[in-house]
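Undergrad: Chains as they are written, first to last, in the numbering used here: chain S, 1 to 387; chain X, 1001 to 1040.
Everything labelled a hint here was simulated from the structure, so no lab data went into it. It cannot be assumed that every hint is accurate.
Restraint ranges, calculated between C-beta atoms of paired labels, are given here [as the list claims (entries may be wrong)]:
id, chain 1, residue 1, chain 2, residue 2, range
1, S, N328, X, E1012, 33 to 41 Å
2, X, E1024, S, K252, 26 to 34 Å
3, X, Q1026, S, L7, 28 to 36 Å
4, X, E1024, S, L7, 36 to 44 Å
5, S, R130, X, E1028, 23 to 31 Å
6, S, H173, X, E1024, 15 to 23 Å
7, X, E1025, S, K310, 43 to 51 Å
8, S, R375, X, Q1026, 24 to 32 Å
Just so it is clear, CB atoms sit at the ideal spot from N, CA and C, and this is done for glycine as well.
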Amino acid sequence: MADLQALYNERVERMEKVYNRQVPDRVPVYSMVDNYAIHYSGYSLKEIIEDDEKHYKAYEKIMLDFFWDSTMYSGITKAMKFYNKLGGGSFKVTDSIQIESGAALSMQADEYKELAKDPAKFFLNTIFPRKYKLLTENIDFEEKYRLFASSVDELFAFLNLGKKNTLRLKEEHGIFVNRGASMFMPLDVILDFLRDFQGTMMDVRRKPQEVAEACDALADYLLMILDDIYPKHIPGHVIFVPLHAPQFLRPKVFEQVYWPSFKKMLDGFNKRGLKALCYFERNWEHLYDYLKELPKNTVVGLFEDDDIRKAKRELGDVMCIAGGMHVNKLMYGTKEECVDFTKSLLDDLAPGGGYIFCSNLILHNANDAKPENLRAVNEYVRDHGKY
Amino acid sequence: MEKKTEQELLIEKLGEEYFKDLPEEQREKMLRLVVYMMVS
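With the rest of the complex left out, here is chain X (with noise of 0.2 Å):
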């Protein structure tokens, strides 16, 4: 299995932690909006 990044790793706990009260489809669309707003 390909090791994680460290970046992935941030994401991933800011999904275990800042959005750990969303249901998980809303906390993955959370997720993505982050990095798609980071892309500017």
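Excised from the complex, chain S in its bound form (with noise of 0.2 Å):
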């Protein structure tokens, strides 16, 4: 046990250094494995939904069965039955979660203002009922509170079980789960939960000023949440904030209705001496002069499609840079190719510090990677990644 709590210790210690862009004694191995783990134990997503051990246990078995230093998950991210009670949301259960497309759109383009002025009020009394079934039932209020009531039995049970397998992991094994929150930037929120794609589109082009005004007021209820949620950094811990609309907008749509809020979001997290793991979906090279107005050492930068040299030559004075790792050279690559290319990404990017070595995308589906070549890249980073 006294061993167990030392080889945590040792991981959160190797990520905290790292996040402040200083050289730990080794680059750290980390897991972006979410919906792949319950498809390498064998279960179905649908399976473990139901079945709480079977959710720990799938895993229990990727973080086992591979070398790592830490992961993002314990287990799945939504609370699929909490919404399902409810009767809606914005995801489908296939082989992995996923935003249905056109289930998000749940706002009118001129309701901005109204989401301005009081964002909680506006999503209580405007966007709930057009959401969830149950909230228009034609059913007696104590009926219908009963059911909510259920519904919110259903959301905490899924908190504390995310709660229990991550102290599972962490008692049973060592295992280091990094996740201190989940956070999404404003217009992401209504990208992905209010007006869905097209919509949104349409309107930062049509009223690009109503846009930013409402992403101001999320961002000021955000931090609310957040000071809730979690309050004070907890050392080797980030909050994960997948960054949607942005490989969509051109730098100038940017600058005017997404930096100013995510700006705002991002200061308030250094403000708090709080960490972000942040996901730049696609490519951001177009942005990086804004990136390098972030606050230092609050961001961990995982990049999926930019160049991951440059973004480190760019921006490794601001932030730490994660990634590197192509999922279809893990899914595609023969065992040495992948060897050969993960000895490529140490000898660039580990001089210096700052960089965790893990896939650029997110792992979901049973196809995106070969286990044979994932386990040998992790195993090549422990054994030659020493500083």
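With the hints as a guide, dock the two chains, each given alone in a separate frame, to form the complex.
TA: So, in structure tokens, the structure goes:
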């Protein structure tokens, strides 16, 4: 037990050092393995949603069968039973949990001012009745409350299971799950949960000022929620921040509608001493001039499609850089090709610290990586990534 | 005074019954969390 605690502490220290762009003892090997863990374990997603022990076993197996220093995931990320009982939400369960196309459209284009006025009230009174069938069912209030409370049972069962799985991984194996919280940025809330893709892209062109004002109000709302759920930095932990909209925005539009509230959020994180793992989806090279203005040592930048060497050259004075291991290489390459690729990443990115080795994409589906390739590259970094 | 909506009444009742054992500040946090989680 003492050994497991020491192993856990060593992993926490390694991650904390690298977030601060220092040189740890070794390049950390980080897991962005999500639903892939379920496929690898031989279960189905639907099966593990119904069985908490299988849920734990799936995420335990992926951590034990491969070498890792830390992981983002100790289980699935969406409280599907909660949304199902409410009768709606934006997600669907197939091989993995994905946002359902069209399901996010729950707000009209002329409602931005109402959203900006009071986001929580707008969600409760305008959005939720459109999103959740339970709220518009023609049943008496007491029955509706009973069903609503029953859905809230599912929410807290889900949240507690996540905490329990994280604790079990720590106590049974010394495994470090580093996610302290998850948070969407304001325009991504609008894109993913309110206006959907087509509506959002139309709005940022037709009414950028209104969108930006709503994003500013959402930033205040989200920071208040963060103060409730994750008020202080816990060493080694990060807030997971997936960034969706900017890949579709030209710099001028980004500056007007995304950047002000994004910067406000990240400055808010910095003021609270929090760290964010920003998942920069697709390519952000056209936006590096903005990213250079982010607070130092607040962001771990996980880049999907960027030239990661250029990202480290350009942004390495501001943030820790993560990623580089291309998932398509893990799936279609040979073991030797994957190891050569990894060696080259270490040669170019490890010097000076501030680099975390991990896949450039979240692993969701069964065909996202050949297990033998994943095992080989992680072990290569474990054995050759020492400083 | 503005009349409360059914959703507001549901949240209010959740605070009074579901989270009745929590101190006021903690109860407010829980209610905000429920609303936030429903945004998805």
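Undergrad: Hint by hint, say whether it matches the structure.
TA: Quick rundown of the hints versus the structure:
no., hint, result
1, N328(S) - E1012(X): 33 to 41 Å, "violated (51 Å)"
2, E1024(X) - K252(S): 26 to 34 Å, "violated (47 Å)"
3, Q1026(X) - L7(S): 28 to 36 Å, "holds (34 Å)"
4, E1024(X) - L7(S): 36 to 44 Å, "holds (41 Å)"
5, R130(S) - E1028(X): 23 to 31 Å, "holds (25 Å)"
6, H173(S) - E1024(X): 15 to 23 Å, "violated (39 Å)"
7, E1025(X) - K310(S): 43 to 51 Å, "holds (47 Å)"
8, R375(S) - Q1026(X): 24 to 32 Å, "violated (45 Å)"
Of the numbered hints listed earlier, those contradicted by the structure are 1, 2, 6, 8.
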